[in-house]
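Note that the protein sequences, when read in sequence, are chains L and Z.
Here my numbering is used: the first residue of the first sequence is 1, the next is one more, and so on.
Here my numbering is used: the first residue of the second sequence is 604, the next is one more, and so on.
Read the hints as simulated data drawn from the structure, not as lab findings.
As the structure is a computational prediction, the values presented were derived from the model and not from experiment.
Cβ atoms here follow ideal geometry from the backbone N, Cα and C, with glycine treated the same way.
Accuracy of the hints is not assured; some may be wrong.
Beta-carbon label-pair distances, calculated as ranges [claimed, not checked]:
1. L/K39 to Z/F670: 49 to 59 Å
2. L/Y28 to Z/L621: 30 to 40 Å
3. L/D202 to Z/K807: 45 to 55 Å
4. Z/A661 to L/K39: 19 to 29 Å
5. Z/I644 to L/Y474: 47 to 57 Å
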Amino acid sequence: MQDFRNRLLIVTVILGLAFLVLGSRLWYLQVLKGDEFAKFSMENHIRVERIPAPRGRILDRYGKELVINRTSFDIYVIPKDVKDIPYLSSSLSQVLNLDSNQIEKDIKSALSKKSFKPVLITKDINRDQLAYIEARRSSLLGVIIEINNLRQYPHGVLGASFLGYIGKVNDAELQNNPNINNTDLVGKTGVEKGWESSLRGDHGYKQKVTDALGREVESNLFLADLHNKKSMPGNDVRLTIDISLQQAAEEVLGEESGAIVVVDVNSGQVLALASKPSFDPADFIKGIDSKTWANLVNDKSSPLLNRATQGLYAPGSVFKMVPSVAALNEGFINEEEHVYCPGYYKSGSSTFRCWKRGGHGRVNLRSAIVKSCDVYFYKIAEMMGINNLNKYMTAFGYGSKTDLGIEERAGVAPSREWKKKRFNKSWYKGETILSSIGQGYVSVTPLQVAMMTAAVANDGKLLKPSIIKEIVSYGGEEKFNHTPTVTSNIPVQKQMLDLVKDAMVGVVNDPGGTGRSARLQDMMVAGKTGTAQVVSLDSQSEKRKHRDHAWFTSYAPAESPEIAVTVLIEHGGKGGAVAAPIAKKILEVYKKLKEEREADDNV
Amino acid sequence: MIMFDRRLLKNFGWSLFLMTLAFCAISLLNLYSASYETGLISFKKQFIWIGVGIITLALVSFLNYRFLKQYSIYIYVFSLLLLLYVLVFGKEVSGSRSWIDIASIATIQPSELVKIAVILVLARFYDNDYQATPYGFLDLIKPIILIAIPFVLILLQPDLGTALTMLLVSGSMVLFMGVKKWSVAFILIVILGVSFYSWHYTLKPYQKDRIRTFINPSSDPLNAGYNSIQSQIAIGSGGVTGKGLRSGSQTQLRFIPAQQTDFAFSVLAEEWGFLGSIFVLLLYFTIILWMLDTSSRAKEKFSMLVCFGIAAMFFWHVVVNVGMVIGLLPVTGVPLLIFSYGGSSTLTAMIGIGIVLGIRMRKFSMSGEAIDLG
Numbered sequence: 001m002q003d004f005r006n007r008l009l010i011v012t013v014i015l016g017l018a019f020l021v022l023g024s025r026l027w028y029l030q031v032l033k034g035d036e037f038a039k040f041s042m043e044n045h046i047r048v049e050r051i052p053a054p055r056g057r058i059l060d061r062y063g064k065e066l067v068i069n070r071t072s073f074d075i076y077v078i079p080k081d082v083k084d085i086p087y088l089s090s091s092l093s094q095v096l097n098l099d100s101n102q103i104e105k106d107i108k109s110a111l112s113k114k115s116f117k118p119v120l121i122t123k124d125i126n127r128d129q130l131a132y133i134e135a136r137r138s139s140l141l142g143v144i145i146e147i148n149n150l151r152q153y154p155h156g157v158l159g160a161s162f163l164g165y166i167g168k169v170n171d172a173e174l175q176n177n178p179n180i181n182n183t184d185l186v187g188k189t190g191v192e193k194g195w196e197s198s199l200r201g202d203h204g205y206k207q208k209v210t211d212a213l214g215r216e217v218e219s220n221l222f223l224a225d226l227h228n229k230k231s232m233p234g235n236d237v238r239l240t241i242d243i244s245l246q247q248a249a250e251e252v253l254g255e256e257s258g259a260i261v262v263v264d265v266n267s268g269q270v271l272a273l274a275s276k277p278s279f280d281p282a283d284f285i286k287g288i289d290s291k292t293w294a295n296l297v298n299d300k301s302s303p304l305l306n307r308a309t310q311g312l313y314a315p316g317s318v319f320k321m322v323p324s325v326a327a328l329n330e331g332f333i334n335e336e337e338h339v340y341c342p343g344y345y346k347s348g349s350s351t352f353r354c355w356k357r358g359g360h361g362r363v364n365l366r367s368a369i370v371k372s373c374d375v376y377f378y379k380i381a382e383m384m385g386i387n388n389l390n391k392y393m394t395a396f397g398y399g400s401k402t403d404l405g406i407e408e409r410a411g412v413a414p415s416r417e418w419k420k421k422r423f424n425k426s427w428y429k430g431e432t433i434l435s436s437i438g439q440g441y442v443s444v445t446p447l448q449v450a451m452m453t454a455a456v457a458n459d460g461k462l463l464k465p466s467i468i469k470e471i472v473s474y475g476g477e478e479k480f481n482h483t484p485t486v487t488s489n490i491p492v493q494k495q496m497l498d499l500v501k502d503a504m505v506g507v508v509n510d511p512g513g514t515g516r517s518a519r520l521q522d523m524m525v526a527g528k529t530g531t532a533q534v535v536s537l538d539s540q541s542e543k544r545k546h547r548d549h550a551w552f553t554s555y556a557p558a559e560s561p562e563i564a565v566t567v568l569i570e571h572g573g574k575g576g577a578v579a580a581p582i583a584k585k586i587l588e589v590y591k592k593l594k595e596e597r598e599a600d601d602n603v
Numbered sequence: 604m605i606m607f608d609r610r611l612l613k614n615f616g617w618s619l620f621l622m623t624l625a626f627c628a629i630s631l632l633n634l635y636s637a638s639y640e641t642g643l644i645s646f647k648k649q650f651i652w653i654g655v656g657i658i659t660l661a662l663v664s665f666l667n668y669r670f671l672k673q674y675s676i677y678i679y680v681f682s683l684l685l686l687l688y689v690l691v692f693g694k695e696v697s698g699s700r701s702w703i704d705i706a707s708i709a710t711i712q713p714s715e716l717v718k719i720a721v722i723l724v725l726a727r728f729y730d731n732d733y734q735a736t737p738y739g740f741l742d743l744i745k746p747i748i749l750i751a752i753p754f755v756l757i758l759l760q761p762d763l764g765t766a767l768t769m770l771l772v773s774g775s776m777v778l779f780m781g782v783k784k785w786s787v788a789f790i791l792i793v794i795l796g797v798s799f800y801s802w803h804y805t806l807k808p809y810q811k812d813r814i815r816t817f818i819n820p821s822s823d824p825l826n827a828g829y830n831s832i833q834s835q836i837a838i839g840s841g842g843v844t845g846k847g848l849r850s851g852s853q854t855q856l857r858f859i860p861a862q863q864t865d866f867a868f869s870v871l872a873e874e875w876g877f878l879g880s881i882f883v884l885l886l887y888f889t890i891i892l893w894m895l896d897t898s899s900r901a902k903e904k905f906s907m908l909v910c911f912g913i914a915a916m917f918f919w920h921v922v923v924n925v926g927m928v929i930g931l932l933p934v935t936g937v938p939l940l941i942f943s944y945g946g947s948s949t950l951t952a953m954i955g956i957g958i959v960l961g962i963r964m965r966k967f968s969m970s971g972e973a974i975d976l977g
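Please work from the sequences and hints to get the whole structure.
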């Protein structure tokens, strides 16, 4: 028996060691890792329910709704709560007409990561599907229905080019904004992007205690204070756009490629900003599908390009206001001086043609503008040189962005320095001559032309254009109210500008004016036509591609200017024949709308 | 048969008895918390079982162990018959035919009680055998058969956890009595062979899953690994002092699986923390030590080996159950004796303690002394 007692001693040692192992493991779990596990157990039973905040609305200047929200019911799955993934996947796929394997894959791949984070299955289910899932919630554990907000466009495609579209948030946007959820849709272009921070709501959340089956439990026993945060809808953004005028602008453009810009000459507020062809923002509501996206991107007519602010064109003769003001103000000419136009202009060994082969004969400043004589401008350009010309191009805002707040391009106001930097070549006199009629290196956006026109109309103030009139919070608090901002005061005496303005009235109203088709009976219109030559390097392009761009820029009423209207029709041909009648229609609509509003106000 | 000798009462193992009572109280308190949300049904039932168990303990302790020795074969055969009965007429609960329904009042799981019978019959075998040298394989054929029959019958139910603990307990006894080195090697090879065979041909998919997820619990957190992870979260989140009675979120919101039975220890660890769980482990440790002490004082091989066997039974239940609950061992359906809700395992534990107490009381009745044995 002594033998066995020795063995029992060994057994006791083994017993002690075994309990030491158990005790150490408990020490590790409870003492060393206790805090970590305490966090786990919180996550286990605290479910955070998101309360998504809707984006703010986008309204027109009179409060008409351009972009609003509607409720959508989205289906998410919390992978951790699913007991039987294949069963759940096949049930959901049947109701929602989705691929069962894809659902299963999505849930499983999320399992390995953060399994309590909801996985999006589909957005915006219909009422029948909603009712079906609601009725079977107990057998579909892990499925959650989230109420979300989707964009809606009561005016359809109107204004799409400046309203912009929304899309799934990308990683860079997520990193810069801690308030964005990874399932959010954010502005990708236009006002939606430019005023993203104003439009985006502040998401709220609600913490709930749930049991192991995911059921909400009343008891507050396990956590002293549950955190809740109210969701706050985004601010409403009220644009300067008059959607009725916008509609008229888009309608008159029709099937043409081009742009129309209408601005208030006294405030810089943009009343209409049309660009065609355009796209349908409704395609982007739930995140665009790759096929539609590829079609948009590969479309040769560039529907995603906002021609009014991003399209760069040679301005042609609408640019002649710049050398006119420059030469007058710098004293190179006065209104009386005449230039003889034989239909061409010789400078050194080069010959530059006037658009009118037979020539205009004797022209002074006024008749040169009215008839759009090129030779007159060749002459004064050569007299003043590129430095003087460039000074006024820059003063009128060319070569830099207007800072409208949506996508735009700066274009080119050429100078010696610019050419040196761009091409590392010196400047030629001939290039000054070409620049004076808006050809050569000069490239501008329709918006820049409109702002120049407004500056002429308002006696020399280049205003910063604005598309935002007002921003109002959900609670009604005014966050922003537009006040006119002057970008630069053009260094020109008033009587000099008056000469140019008078000439612009002549363009539309004189018997020989190039813009007569913009003439209105009961409102005096001032304007300037432009026909910009297109230098196409694309030999395969159709004949139409070689046609000139048609321009017309105008303001009215001439005696006390209110609005400026700029029209560009790509490859439209003669500005006076194609663009001027379009501007006339816009001015008519503007006048009619104004009279209607005044009539309403009087009632 | 039952001797009302004054010396018996004087030598009654009060310390073991009091430890047992303390243990019963703690287990009931724990079960109260674990079953509160489900209407205290299992708490009330366990209350009755513990009452029955204490009475049984008392009765068994006054039974002379020589009686047990004499009748060990019959007890063994009777228990085998019960196992056969269960296989044919047993009540099926979650895929296993392990239960006998007694007049719809209670259910009994004979496989738990069989452990005591196997301990007794093995002790009897070694008591008769006076071999001095370690046992060779051929010498062990008889005990191996004695172990193998109930082992296979329990496996057939199938109840892997109970079969394994029975094997561990009886294996411990055989090893304790000494086995030749080559025989140990041979038996190990046989066990490995059987394991390999059963992995490929007899284990059910859920059993394989359990072993797989034991190796990597987070591989499949929703299915087999779920239990282990939730249990470890519960234990860890208890920290040093615990969340307090009825305040464990893992328990009360039922994140802990089988929290009234196999995972009762995680409830304790969550609500009473490191201090509580270490206290209960120490209590177990002391009880087992006490049993080994009794074993070392025994004057006969039989009583020594019975005490050792019962100590081994407690030991393996603690190691396998707590090891599973704290994530050191795979999830097998092995209860923590007395602590887990369950009549049969509680009764088995009480009978075991009763036998040890009975042996302790008679430690002065030397083998040579004339004691009424009928």
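Evaluation of the provided hints:
1. At about 57 Å, the beta-carbon gap between L/K39 and Z/F670 stays in the expected band of 49 to 59 Å.
2. In this structure the hint that L/Y28 and Z/L621 lie 30 to 40 Å apart at CB holds, the actual value being about 32 Å.
3. A beta carbon spacing of about 53 Å between L/D202 and Z/K807 agrees with the range 45 to 55 Å that was offered as a hint.
4. In this structure, Z/A661 and L/K39 break the distance hint of 19 to 29 Å, their C-beta atoms being roughly 48 Å apart.
5. About 52 Å separates the C-beta atoms of Z/I644 and L/Y474, a value consistent with the hinted range of 47 to 57 Å.
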